[in-house]
Amino acid sequence: MVFSSATFLFAFLPVVLIGVLLTPRAARNLFLLFMSLFFYAWGELYFVALMLVSIVMNYLFGAAIGRAGKGGDTARMWLILGVVLNLSLLGYFKYANFLVENWNLLTTQLGLEPFDHRKVHLPLGISFFTFQAMSYLIDVYRGDAEHDKNPINIALYIALFPQLIAGPIIRYHDVYQQLRTRELSVDLAYSGLTRFICGLAKKLLIANPLGEIVDQIFAINGNDLSTPVAWLGILCYSLQIYFDFSGYSDMAIGLGRMLGFRFLENFNYPYIASSVQAFWRRWHISLSNWFRDYLYIPLGGNRVGLFRTYCNLVIVFFLCGLWHGASWNFVIWGLLHGAFLVIERIGFGKVLARLPAVVGHLYTLLAVMIAWVFFRAETLPEALSYLKAMLVPGSGNGDLYHVEQYLNTHVSLVLVVAIILATPIARVAMNAAAARTVIGLEIAKTGALAAMYFLCLMTLAADAYNPFIYFRF
Amino acid sequence: MPITLSSISDSKVSSLISQLVKITALAAFLAVLIVLPYQQRFGNPTENRENRELAEKPSLPMTSTAIMKFPKRFSEYMDDHFGFRSDLLRIYHRLLVSIGTSP
Chain A
1 MVFSSATFLF AFLPVVLIGV LLTPRAARNL FLLFMSLFFY AWGELYFVAL MLVSIVMNYL
61 FGAAIGRAGK GGDTARMWLI LGVVLNLSLL GYFKYANFLV ENWNLLTTQL GLEPFDHRKV
121 HLPLGISFFT FQAMSYLIDV YRGDAEHDKN PINIALYIAL FPQLIAGPII RYHDVYQQLR
181 TRELSVDLAY SGLTRFICGL AKKLLIANPL GEIVDQIFAI NGNDLSTPVA WLGILCYSLQ
241 IYFDFSGYSD MAIGLGRMLG FRFLENFNYP YIASSVQAFW RRWHISLSNW FRDYLYIPLG
301 GNRVGLFRTY CNLVIVFFLC GLWHGASWNF VIWGLLHGAF LVIERIGFGK VLARLPAVVG
361 HLYTLLAVMI AWVFFRAETL PEALSYLKAM LVPGSGNGDL YHVEQYLNTH VSLVLVVAII
421 LATPIARVAM NAAAARTVIG LEIAKTGALA AMYFLCLMTL AADAYNPFIY FRF
Chain B
1 MPITLSSISD SKVSSLISQL VKITALAAFL AVLIVLPYQQ RFGNPTENRE NRELAEKPSL
61 PMTSTAIMKF PKRFSEYMDD HFGFRSDLLR IYHRLLVSIG TSP
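Chains as they are written, first to last, in the numbering used here: chain A, 1 to 473; chain B, 1 to 103.
Derived from the structure by calculation, the hints contain no laboratory data. Fair warning: there could be bad hints in the mix.
Under the rule of at most 30 Å between Cα atoms (straight-line distance), these lysine-lysine pairs were calculated in the DSBU-like manner [stated by the list, open to error]:
#	chain 1	residue 1	chain 2	residue 2
1	A	Lys445	B	Lys22
2	A	Lys119	A	Lys94
3	B	Lys57	A	Lys94
4	A	Lys445	B	Lys12
5	A	Lys119	B	Lys72
6	A	Lys94	B	Lys72
7	A	Lys119	B	Lys12
8	A	Lys70	A	Lys149
9	B	Lys72	B	Lys57
10	B	Lys22	B	Lys12
Make a model of the complete structure from these sequences and hints.
This is how it looks when you write it as structure tokens:
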């Protein structure tokens with residue numbers, strides 16, 4: 001169920017909000033769990049069983065690790081077994097097809113029989129909830145959080161609907177106390193409502209119209225793609241993916257607050273970063289935190305000598321790419337980011353710091369946009385021909401498609417607003433207004449919110465184009 | 001001189017107004033969520049000006065194939081039939097035309 005759909009807004013959400021208000025505090029988690037499983041079943045009817053298996057398995061392993069005590073050998077054994085099982089589930093459902101396809105490619109080249117195999121269905125959100133489940137086991141093993149004896153709380157942690165399908169990935173130690181006790185309050189719910197509507201607007205008013213342009217441009221044959229059109233396409237995609245995904249995160253954080261949860265932020269204006277390293281402290285923060293806490297630091301992080309540090313970075317970003325999807329394009333995307341980070345560590349970062357700030361910003365935007373080509377293109381040859389069109393002026397026949405035919409007033413307006421909102425300008429202006437506040441600011445803000453919500457409902461009425469990019473992962 | 005937040009931060013009035021605005025906003029949001037799906041059931045069913053058939057209301061699923069298809073069919077029905085949809089659609093198209101974009 002997509003948050004920006006009539007079914008979610010007018011059927012599911014009212015039941016959840018009213019239900020939470022009416023349910024006695026002791027039964028709230030059970031109610032939310034039931035609704036979360038229903039939410040999942042709406043998209044993946046039979047795979048709710050898989051989610052239940054994951055919940056039971058992780059509850060039992062968490063209990064075993066907790067009983068064995070922090071850091072001991074027995075706890076370590078349970079942890080390894082639990083992590084291996086979680087990774088096996090993820091590996092089978094997400095990577096089996098990819099492995100078999102590549103294996104068959106290899107064997108047919110060698111003249112051997114290909115491996116016969118039925119396509120495995122990729123259940124929604126499996127990358128997200130498996131990573132959360134592993135966070136539970138590792139945090140309990142490290143003593144960063146206690147294991148929870150109440151299975152409802154663990155089930156809710158894994159299945160909670162706002163962040164179930166596309167994150168943010170919440171580490172267990174950040175949320176375990178909230179699973180036990182949390183307060184509903186008008187202030188928190190209102191700030192949640194604000195975030196939710198902002199997220200809805202990011203998705204419906206910005207990401208979707210840009211997405212239509214992106215789809216049209218990426219469908220053009222590489223030979224017919226002129227350099228300006230290729231740059232327009234990747235500019236639109238860079239903004240689309242940011243507003244799509246950060247919009248989803250805003251909605252998840254907002255829904256969480258309406259239910260009494262306080263989730264950590266997932267984005268912090270990534271496109272104003274002045275290095276790729278800084279970009280990763282601002283983009284999909286919950287994923288980079290996960291990789292840092294549970295992979296990069298256990299590998300030794302940057303305390304194991306220069307060469308090992310570089311290797312660790314490459315390993316982390318190789319896996320980060322692979323996490324996004326079982327395809328070589330995602331792997332290349334991840335490795336590109338890893339390579340930029342290594343280059344910055346080798347000394348380019350210091351050079352950048354000495355140059356005017358604008359150079360760092362331009363380099364980062366360029367690096368990130370080039371990498372996005374691999375993320376967006378369906379296949380490797382497509383990505384390469386797109387890159388060629390971007391970087392070699394005149395490589396494509398520019399007679400058929402022109403920038404002007406995509407930039408009507410509506411799209412131009414959306415692009416300008418998107419570029420402004422990708423920077424903190426609006427927030428700074430808002431804070432400045434709040435500092436010398438006139439009493440009506442709250443009312444004005446609420447009015448603006450209502451207007452935004454109205455616009456969202458209008459686009460929802462008109463919308464045929466509404467997929468979330470991060471649902472695929 | 002405008003009344004600044006700092007000068008009235010102790011005043012109960014400002015926090016009361018703020019709470020009132022927030023509660024009203026929350027209640028209005030919830031009310032819209034609840035009312036919109038039912039508007040067409042009680043009001044006049046709005047005519048279909050679109051050049052396509054709108055989705056029909058799915059019946060309760062009784063077989064396993066029907067259960068599998070139900071979420072999609074129900075979503076299509078909701079997308080096509082939430083309250084004031086055709087009015088919202090009309091305003092949206094007018095808005096697009098007013099900025100020189102054909103819908």
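Hint check:
1. At most 30 Å may separate the alpha-carbon atoms for a hinted pair to count; Lys445 of chain A and Lys22 of chain B meet this at roughly 10 Å.
2. With a C-alpha separation of about 11 Å, the suggested pairing of Lys119 of chain A with Lys94 of chain A holds against the 30 Å cut-off.
3. Note on Lys57 of chain B and Lys94 of chain A: the hinted pairing is violated, with a Cα-Cα distance of about 35 Å set against a maximum of 30 Å.
4. The straight-line distance between the Cα atoms of Lys445 of chain A and Lys12 of chain B is roughly 20 Å, inside the 30 Å bound, and the hint therefore holds.
5. Annotation: proposed proximity of Lys119 of chain A to Lys72 of chain B holds, straight-line Cα distance about 22 Å (limit 30 Å).
6. Proximity of Lys94 of chain A to Lys72 of chain B is assessed by CA-CA distance (about 24 Å); at most 30 Å being required, the pair is judged to hold.
7. The suggested pairing of Lys119 of chain A with Lys12 of chain B is violated, with an alpha-carbon distance near 64 Å, which exceeds 30 Å.
8. As the CA atoms of Lys70 of chain A and Lys149 of chain A are separated by approximately 16 Å, the hinted pair is consistent with the 30 Å bound.
9. The hinted pair formed by Lys72 of chain B and Lys57 of chain B meets the criterion: a straight-line CA distance of about 11 Å does not exceed 30 Å.
10. Among the hinted pairs, Lys22 of chain B with Lys12 of chain B is consistent with the structure: their alpha-carbon atoms are about 15 Å apart, no more than 30 Å.
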